[in-house]
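Colleague: So the sequence lines, in the order shown, correspond to chains A and B.
Just so we're aligned, residue 0 is where the first sequence starts under numbering that gives the first Met the number 0, counting upward by one.
Just so we're aligned, residue 0 is where the second sequence starts under numbering that gives the first Met the number 0, counting upward by one.
Hints listed in this document are in silico derivations from the structure and should not be mistaken for laboratory results.
Note that the structure is a prediction, hence the values are computed from the model and not measured.
Take these hints with a grain of salt, some might be off.
Restricting the straight-line Cα-Cα distance to at most 16 Å, the calculated cross-link-like pairs of lysine to aspartate or glutamate (EDC-like) are [said to hold, decoys possible]:
1) K46/A to E469/B
2) K5/A to E269/B
3) K80/A to E228/B
4) K56/A to E44/A
5) K80/A to D230/B
6) K56/A to E465/B
7) K80/A to E469/B
8) K56/A to E397/B
9) K126/B to D145/B
10) K80/A to E322/B
11) K46/A to D125/B
12) K80/A to E465/B
13) K195/B to E134/B
14) K46/A to E115/B
15) K568/B to D64/A
16) K56/A to D472/B
17) K5/A to E228/B
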Amino acid sequence: MQVSVKLFGGLREYLPAGSAFNACVLNLPEGSMLTDVLSHLPIPENKTYIVLLNDVKLDREAHADTIVSASDEIVLLPPIKGG
Amino acid sequence: MSWHKQILRVNLTEGRCQIEPLNMEWANDYLGQRGLGSKYLLEEMDPAADALSPENKVIFATGPVTGTLASTSGRYSVITKGALTDAIACSNSGGKFGAELKFAGYDLLIIEGESEKPVYLHIEDDKVELCDASEVWGKTVWETEDFLGKKYADPLMRFASIGQAGENLCRYACVVNDRHRAAGRSGVGTVMGAKKIKAIAVRGTKGVKSPDPAGYFKLASEVNARMTERDEMSRDGTLAMIDVTNNFGALPTRNNRSVRFEGAEKLNPEAMHTPNANGHTNIITNGACFGCTIGCGRICHVDPTHFSIKDKPQYHGASGGLEYETAYALGAACGVDDIDAATYVGFLCNEYGMDPISLGGSIAAAMELFDIGAITEQDTNGVKLEFGSAEALCAMGEMTARNEGIGADIAMGSKRLCEKYGHPDLSMSVKGQEFAAYDGRGMQGMGLAYATSNRGACHLRASPYEHDFETTDIEGKAQVVYDSQNEVAFIDSTGLCLFPSECGWSIKDYLELVNGSCESDWSEDDVQTVGERIWNLERLFNIKAGLGKKDDTLPKRILEEPADVGTAKGLVCKLGDMLPEYYQLRGWNEEGEPTSDTISRLGL
Ligand code: SF4
């Protein structure tokens with residue numbers, strides 16, 4: 000299945016080569032977990048970010064238990080501190 | 000020591016300029032800039048006086064680090080009783096003006112009284128004079144800078160001035176320096192207009208002294224190197240935030256009717272960096288204030304074929320472009336997704352001297368009044384003042400800048416505007432000051448920060464961002480707001496910018512620079528104490544001005560209408576549950592007044 004992910008702010012540095020400005024499409028087997036999605040993005044371990052799945056914020060502990068599907072909206076946000 | 004230990008006092012009523020020693024005891028208790036300026040204001044004026052009366056004062060305050068080798072050390076503040084809020088106002092600006100004022104030998108400039116005729120202040124070190132401003136009265140900020148620049152023919156002379164908005168007493172007029180940097184909020188420029196002081200032209204050759212220049216250079220370099228996360232801010236500026244709040248569900252849209260704007264992707268960094276159908280790219284480069292190694296400023300230009308400027312070649316050049324707050328206020332708040340229209344109205348704000356946040360918030364309120372029929376086309380000279388209309392946004396920007404027609408009502412700010420048209424609840428403001436770009440339902444801590452901010456709704460008086468993006472659960476938010484309000488009050492008093500704290504600096508880094516500049520040994524505990532002292536001093540000013548618990552609140556919409564989408568869907572701001580804990584942490588009684596213990600503990 001194809002899963003699209005949006006990465007905003009500084010996180011867009013970790014988009015695979017050839018991606019659009021803020022988004023990429025990943026090819027993953029059916030039944031993949033959110034952790035599988037994230038493992039395709041080279042975001043350093045120490046980098047904190049927010050994951051929204053269909054408008055719901057998911058805590059880190061929930062990533063390994065969450066199955067994703069092709070229709071899901073996955074958004075990664077950097078926790079910017081104001082502006 | 001980097002203090003000059005000197006104040007320049009200018010009495011406009013008597014036409015007198017005199018140099019006085021700085022009260023160093025107060026500088027030790029309140030540091031500089033926001034803290035010290037507020038102390039002088041409270042000591043020298045009756046807070047109950049009308050903001051537009053001669054009793055009000057305008058204080059330009061630098062900090063101990065202003066003008067030094069430290070990165071972002073160009074900051075100064077304008078402190079006065081705000082014309083928009085009738086509360087204490089402290090508006091912070093960058094550019095190069097603040098450092099130049101310091102180089103001329105002054106830590107503070109206090110302007111008092113009221114001139115009979117328009118004047119400007121000319122400072123070249125010890126030579127200080129009030130000059131006739133009749134040739135620039137009625138002119139824009141840019142025309143004023145051009146005129147004075149030509150007159151004195153010194154490329155290093157810096158200017159801070161008001162535009163026609165300040166002269167016309169638009170309630171949110173700002174003081175603009177270096178063409179597009181502004182002490183923007185709360186109507187500090189309106190007070191200048193009421194006093195008939197058009198501009199300050201300053202040139203200094205005294206510099207800032209350090210007892211150990213080599214040591215300070217080393218320190219400034221080391222601390223600068225610790226700003227490890229600045230690339231994103233340099234590349235995208237503060238505008239990167241629009242994608243975060245929009246996706247999170249905290250971007251105030253159409254006068255806070257929604258917390259998400261479907262047009263945000265037409266205003267975000269991608270839109271700013273990508274050529275449009277005509278091959279025009281909005282951004283040209285980034286820009287930096289004095290000594291800054293981040294450069295968050297946007298230097299942009301409007302597509303010359305855009306309807307707003309196609310017949311106005313004077314706007315075809317580059318100037319200060321959209322930042323997050325302006326993209327929100329002149330974009331999402333009005334439901335407008337036209338980056339050129341928002342950039343153009345942003346130019347008008349710099350040129351005529353208006354706060355874009357309050358202008359956008361007031362236009363958004365007018366759009367909602369139009370939507371419900373409280374304002375009609377008869378009131379607007381036939382302009383269809385509809386949410387989403389870029390034409391209406393530009394027309395209102397121009398009419399407000401010139402104080403024409405309905406623009407004169409929009410210039411009163413959303414609170415007075417909505418009261419006039421019979422719907423006071425539609426003003427999205429606190430203490431009369433329009434919201435910044437965060438919704439207090441999606442970001443509960445920000446709701447508390449807005450409600451309790453001494454200068455009215457403001458995103459720069461606390462830093463609840465991380466906690467708010469972590470959870471909408473209100474547990475711990477009062478503590479986060481309290482701690483960060485104190486910390487920010489300290490940073491705002493140093494002469495340094497707040498943004499390095501978003502790019503890798505901790506409070507320790509600020510502290511090292513302050514200690515290096517002042518030859519002091521402030522500790523992290525002192526940061527909290529000084530910050531708390533400043534916060535309480537501002538609170539005491541407001542209480543004497545007649546404000547209190549009744550003003551620590553949010554519009555009904557934020558307290559009663561649940562967020563429509565996003566992570567906080569279904570939530571209202573739980574301000575009532577956070578406020579008692581906040582008062583307790585502050586050492587205030589149930590009415591929000593500092594107790595006698597708090598006052599004596601802080602040496603107030
Ligand atoms: S970070 Fe931005 S606002 Fe702060 S000093 Fe630098 S350019 Fe100015």
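Colleague: Could you run down the list of hints and mark each one as holding or not?
Modeller: The hints, checked one at a time:
1. For the hint linking K46/A to E469/B, the alpha-carbon distance of about 14 Å falls within 16 Å, and the restraint holds.
2. The suggested pairing of K5/A with E269/B holds, with an alpha-carbon distance near 13 Å, which does not exceed 16 Å.
3. For the proposed pair K80/A and E228/B, the alpha carbon gap of about 12 Å is at most 16 Å, so the pair holds.
4. Simply put, K56/A and E44/A have alpha-carbon atoms about 19 Å apart, too far for the 16 Å limit, and the pair is violated.
5. For the hint pairing K80/A with D230/B, the CA-to-CA distance comes to about 14 Å; that is within 16 Å, so the pair holds.
6. For the hint pairing K56/A with E465/B, the CA-to-CA distance comes to about 14 Å; that is within 16 Å, so the pair holds.
7. A distance of roughly 12 Å separates the Cα atoms of K80/A and E469/B; the hinted pair therefore holds under the 16 Å criterion.
8. This hinted pair does not check out: K56/A and E397/B have alpha carbons roughly 41 Å apart, beyond 16 Å.
9. The suggested pairing of K126/B with D145/B is violated, with an alpha-carbon distance near 22 Å, which exceeds 16 Å.
10. A distance of roughly 15 Å separates the Cα atoms of K80/A and E322/B; the hinted pair therefore holds under the 16 Å criterion.
11. A distance of roughly 52 Å separates the Cα atoms of K46/A and D125/B; the hinted pair therefore is violated under the 16 Å criterion.
12. With a C-alpha separation of about 6 Å, the suggested pairing of K80/A with E465/B holds against the 16 Å cut-off.
13. As the CA atoms of K195/B and E134/B are separated by approximately 13 Å, the hinted pair is consistent with the 16 Å bound.
14. In summary, the hint linking K46/A to E115/B is not supported, as the alpha carbons are separated by about 59 Å, beyond the 16 Å threshold.
15. With a C-alpha separation of about 24 Å, the suggested pairing of K568/B with D64/A is violated against the 16 Å cut-off.
16. The suggested pairing of K56/A with D472/B holds, with an alpha-carbon distance near 13 Å, which does not exceed 16 Å.
17. As the CA atoms of K5/A and E228/B are separated by approximately 21 Å, the hinted pair breaks the 16 Å bound.
Figure legend: structure checked against the earlier numbered hints; hints not met, in rising order: 4, 8, 9, 11, 14, 15 and 17.
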